[in-house]
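J.: Whenever a hint applies, use it, and build me the whole structure from the sequences.
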Amino acid sequence: MKYLIVLLLLCHLAFYPRCSSEEVYLSSIEYLATTCSGVWSQSVIPGGSPAYIQVTIGGGSHGQVAMAIYEWQDSHRIGVRDTNGEAIYVCSKKAEAEKLCDGAQIGQFIIQPNATSVLSAVFDVQSGKGEAALYKVEKTGFYCVIMAPSSNEDDTYFDAWVEWKHPYGRLPAMDYPKLLYYGIFSLIYLLVGVAWGIQSYRYWDDVLPVQHFLSGAIFYLTVEMTFNWGFWEAYNQTGKASYGLLVLVALLNAGRTSISFFMLLIVCMGYSVVKPQLGSTMKHCAILACAHFFFGVIYSLGTMLLSPESAGFLMLLVVFPLSITMTIFYIWTLNSIASTLRILEMRKQHVKVLMYKRLYRLLLFSVIMVALVFVVNIFNFSDRKSSDWTSRNWKWRWFLLDGMLNILYFIVFFVIVILWKPTENNHRYGLEQISQDEEEALALENNLRMHSTNHGLGLKNLHDEDDAAIFELGGDASDNEYDDRYKHSIHPTDASDRRPLIADDE
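Residues in the sequence shown are numbered consecutively from 1157, following the numbering used here.
Honestly, the hints are just simulated from the structure, not real lab data.
It is possible that part of the hints are untrue.
Claimed, not checked - Distance condition first, Cα-Cα at most 27 Å in a straight line; then the derived DSS-like pairs of lysine-lysine:
{"no.": "1", "residue 1": "K1431", "residue 2": "K1513"}
{"no.": "2", "residue 1": "K1577", "residue 2": "K1513"}
{"no.": "3", "residue 1": "K1504", "residue 2": "K1431"}
{"no.": "4", "residue 1": "K1292", "residue 2": "K1551"}
{"no.": "5", "residue 1": "K1577", "residue 2": "K1431"}
T.: Here's what the structure looks like:
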């Protein structure tokens, strides 16, 4: 644990804003060469450097080039439509004759008077490589750079590099919140682990097998969140995604959900609480967990590498298989917990029943929330082909795809940690725990055996009936345990005790 703390501290000491940027290439091969990106202003990044957009022209360029830099809210104020409804972006003599622009704008982009964020210029690139424009970003927003030949297209060629200078580093603006998000979550899971470790140390002799699994899960989650943060921090430093870290993070993400679903499923089946082992069912659970892990790796890589705007049907192939295995897990888990509840209620183990009912409600809550997240994403991405979809969603898209599910996962996991935290009363949830009501039920069966013996039933039939009664009421009790309970049970001594064997509440 101490090495993990040192790793986190070193990572967070490195988390100071850097003067870095990302670059995008534009060329006159495309008539209206355009690139857009979200930009966070210096004012929202503590200790950040000034944000700006710089355009540089390549050495092989020639002719005259028109350029405009603007915030998306002014996008509809660039260009006009002629009498035929055709969009005209660059002012020409023909456009001037039609009174679509004035003579002072010839060669430039046509900018409507009410535009507030547009920088428009025309420049000669005969001189070759050099800085063409520098646009200082004062306000967080979605900015675009558009370039086009200002006169005869055949006489103009340009190569240009647009440098997006961010206040924090080289990470794309839409991914920057992930840097803070995973850093905060790595610390949260670390704090949960420290608190859990203290409780486990205090009641170490009473810790159950399920609680050991939870200890491993907390450690795993802390490491996973730290590596997620490390991936985005490395991306922020270098401007490129490390494929080694990318694969590692995808494996860790898939492992987290698979291990969590597997543990939840076997607990809901009553493992170590109602049943000492699950037999062949455990293998089936492991097979499902492995399938979920495989599809989880595909999903993690897909969300990191694919863009929803361009992925289209491929994004469905990434999401659909994982949703199938997740649905199977949820249905199997809910059915298992319902079955376990019936067994515990029959045994009248009220403490365990209360805990499993809380777990059942938690699972129903998570199912509803997952469905809600799914519906929200469907409605949001159904409009992804709209021209302003990216400008409206660049700040929050990461949260819809990744953030909400991680928060939901933490809420569910944290509640489970609270329910199963190590205490001095851990034996209440152990396999060996028997409630007073169950002891009374076993005593009732003992009385039934004596009553049947007094009426001349054979020993073999009596033994068969006892085994059935044990299976029905005591579940996992062995014959020896049953005999011990029988020795300590209450036997009728007079006629008043030989009343009909019907429970009071019946």
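J.: Each of the hints needs a verdict: does it hold here or not?
T.: Each hint, compared with the structure:
A threshold of 27 Å between alpha carbons decides the hint, and for K1431 with K1513 the separation of about 18 Å falls inside it, so the pair holds. For the given pair, K1577 sits about 17 Å from K1513 by alpha-carbon distance, which is consistent with the 27 Å threshold. For the hint pairing K1504 with K1431, the CA-to-CA distance comes to about 16 Å; that is within 27 Å, so the pair holds. Proposed proximity of K1292 and K1551 is supported: the alpha carbons are some 20 Å apart, at most 27 Å.
For the hint pairing K1577 with K1431, the CA-to-CA distance comes to about 20 Å; that is within 27 Å, so the pair holds.
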